[in-house]
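A.B. asks: Using the hints provided, position chain F relative to the given structure of chain U.
There are 2 protein chains.
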Amino acid sequence: MNELITTLRSIVGHAQVLTHDDPATDLSAWEQDWRKRLRGRALAVVRPGHTAEVAAVVKACAAAGVSIVPQGGNTGLVVGSVPDDSGTQVVLSLTRMNAVRAIDGDNLTMTVEAGCVLQVLQETAEKAGYLFPLSLAAEGSCTIGGNLATNAGGTQVVRYGNARELCLGLEVVTAQGEVWNGLSGLRKDNTGYDLRDLFVGSEGTLGVITAATMKLYPLPAAQLTAWAAVPSLEAAVQLLGLAHRHLGAGLTGFEVMGRFALSLVAKHFPQQRVPLWADHPYCVLLENSDSESEDHARGQFERLLETAFENGVVSDAVVAENLSQAHALWHIRESIPLAQAEEGLNIKHDISIPVSKIPAFCAETDALLQREIPGVRLVNFGHLGDGNLHYNVQAPEGGDPATFLREQEERVNHLVFDQVARFEGSISAEHGVGSLKVDKLPDYKDPVALALMRSIKQALDPQNILNPGRVLR
Amino acid sequence: MNELITTLRSIVGHAQVLTHDDPATDLSAWEQDWRKRLRGRALAVVRPGHTAEVAAVVKACAAAGVSIVPQGGNTGLVVGSVPDDSGTQVVLSLTRMNAVRAIDGDNLTMTVEAGCVLQVLQETAEKAGYLFPLSLAAEGSCTIGGNLATNAGGTQVVRYGNARELCLGLEVVTAQGEVWNGLSGLRKDNTGYDLRDLFVGSEGTLGVITAATMKLYPLPAAQLTAWAAVPSLEAAVQLLGLAHRHLGAGLTGFEVMGRFALSLVAKHFPQQRVPLWADHPYCVLLENSDSESEDHARGQFERLLETAFENGVVSDAVVAENLSQAHALWHIRESIPLAQAEEGLNIKHDISIPVSKIPAFCAETDALLQREIPGVRLVNFGHLGDGNLHYNVQAPEGGDPATFLREQEERVNHLVFDQVARFEGSISAEHGVGSLKVDKLPDYKDPVALALMRSIKQALDPQNILNPGRVLR
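So the protein sequences, as listed, match chains U and F.
In terms of the numbering used here, the first sequence opens at residue 1 and continues consecutively.
In terms of the numbering used here, the second sequence opens at residue 1 and continues consecutively.
Only chain U is shown next, with the shape it has when bound in the complex:
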């Protein structure tokens, strides 16, 4: 091991290999996961500065038979980017590789290194006059490499897709320490298997993403936000259909929030004025991005909402008058997880269901959970435009949250995931598998798919040195 550490220091420089040998060094930022579910222990944290160093590090680790945990901003929610507690794994932190290598306006692309922070990329693109549309809660600290490794989603997927859809090309270090130069600004390239999309979403188990070419879009001329109360989840789905028809690709956000979820924001953050929540079972947040003008966007919203009123699909609605009102509405949506935390620990789910089946899924699953755990409270909200719900389960009023979590989490997960399977959904829509859900996959994933995944892992990483035990056991 000492020999490996010496080799690693010779590759990346002494200062870029952090170990527990120096008692003054605190590695918790790399060893502890975002939600503080697991504290691992690394053999070393290695911070290469460019791709050749990453390749050399992987080669050295492979030669030593030491496994590697690639890490970006370490903001993942499924314990996929921290070492296990063995003290034998190398954390390969990509955060020093944070150069924007190129912006190509005519080609609508930018080529960036894995360690670039998402928000920095949004701002870099905007300064150059373009939109980089990937947007999610952790954008201030997550990195594009991690976004790609986990195929991150977020709030604009309904229009722009997940991280995968925004990626045109990758540079990847393989498990053998070879560099695949697959950076590409091409929108069409049919010269073989789609390696790009295989590495995207593989959570660092097949290769280490070191750089990527991402799509850019023209900046919209205007962006408007509306908040609509709907009489039911069925109505929310109908409103989504109307919004697709009226706004076309202008529809860049469609979030749904249940009454109880909004009541928690109203209760714990009374300074936030939550509109319309008290008298309606669900509210919807819509965003319209327009290539023409704010007036045009407003006209479109008005026509959409008029039609929706006439059809009984919307009960009441407000359109933000200005940017600060729009931000305030989005802030309510983003405050739901924090309000939930204030209310106490809860059981979180990140599921997707075909949009058409969401009303039936919720009706059945709500009733099932109420039967099984009387008084249970459901914090249901999410990206309805993508069929993605954060269907969270909170202890009954007055119950002790910690006890609830300890006693009910397994059972509730089982009940919810079985329902997800019945409705042809996914038990992990946007957060990934990591180590948190790896033992659930055999119960809910097609066995042929699992066998194919194992074959691919075995083919590309026969030594099993890349993030072992994540995605696949």
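Chain copies aren't distinguished; within one or between two, either way the pair holds.
Pairs of lysine-lysine, BS3-like flavour, derived with a Cα cap of 25 Å: (1) Lys445 <-> Lys59; (2) Lys36 <-> Lys348; (3) Lys445 <-> Lys357; (4) Lys127 <-> Lys357; (5) Lys348 <-> Lys445.
Note that these hints are calculated values from the structure, not bench results.
C.D. replies: Chain F in isolation, oriented as in the chain U frame:
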């Protein structure tokens, strides 16, 4: 072999196994490729009627060690879906599997079998009130299974992406004859490796696609077409940027056509009135799909073209007044390959280059070819919005096309492909590899990528029974 034929007949029924034993049976529709470059000879053509039969056929062939060539409409352009001339391969024709299994309007998806003809799917979607946007020249006879196996492109990629981007889930029979049920109406599912996108574009070498869930879109309220003459290819690229900004996602088509390409249409199809071609080096065809109204689309086009005139990016332009004028303009674009054929055999390329580099690529490559083959004529046209050119090379005026093709094809390919590599492009943008380009890949594909592809092929099809010799040798 006779034993295998008997087994296959017991699986799919006697009538659905066609062989040369019956001299009255003409198998050329399955044995001859679309461009008549190769006439193979099959052991048998097998036509299963549902997925379980496909699985049983693959199992039987695998047990007998007989390789399989999956086939849809057999309209591919790279000799990827016909048997070799050994008489030992089974052609697995999917055309009988042509059911639309489901249309889910609220989820904006349809689930269809591999043998569905593309145009039938377009019409089926439209009848249900939706747009299925994949559109290409062979749509009257190609099948969605083949479109997915080759990741087909076409004329609306600038907005909707290639076949891969339109696919949410697949049903696939593996090389072992297992059925992977990966049909999914989900827009977000991060439960493991992206098998879907691995099978899409693998040209039948990794598995047999038997069904797919595809995305639908709302039908646009209006679709307008404009034809603009531009002073240069640089101007065409600038016009593309302006069109992205002005039309946003309304820009659903952006085709470029060189003067010589248009002159061939004017010469060989004089009944077609080609506008503006004679006095300008390039013309551009733009399509604007609008979710509001024809008036709105027209206003947008007018503002775009005004700005383009002011910037000197457009020299002259017409906007189609009605649908029949729009069809006539598209018909000119679609007639270029036919006009070329009238002029005589030529050397075809299907290349892509980052959009920003296309002007320099064409300037350099045009000059290079003129130097190497004085008088050579370049038929340059294609999907500029995707960076995809059909950069075709025609014999000098008066030269014998057949002699030219025989003597110059290898050399011209070499010159053009080397240029493509210099400009970081792809030697096959949308047509795939098949057997026509399989021997070129080692020269132009990253060696690490090729090694990864071989590992994956070996892992998923260790017997090499699925379309051997295609994509990879």
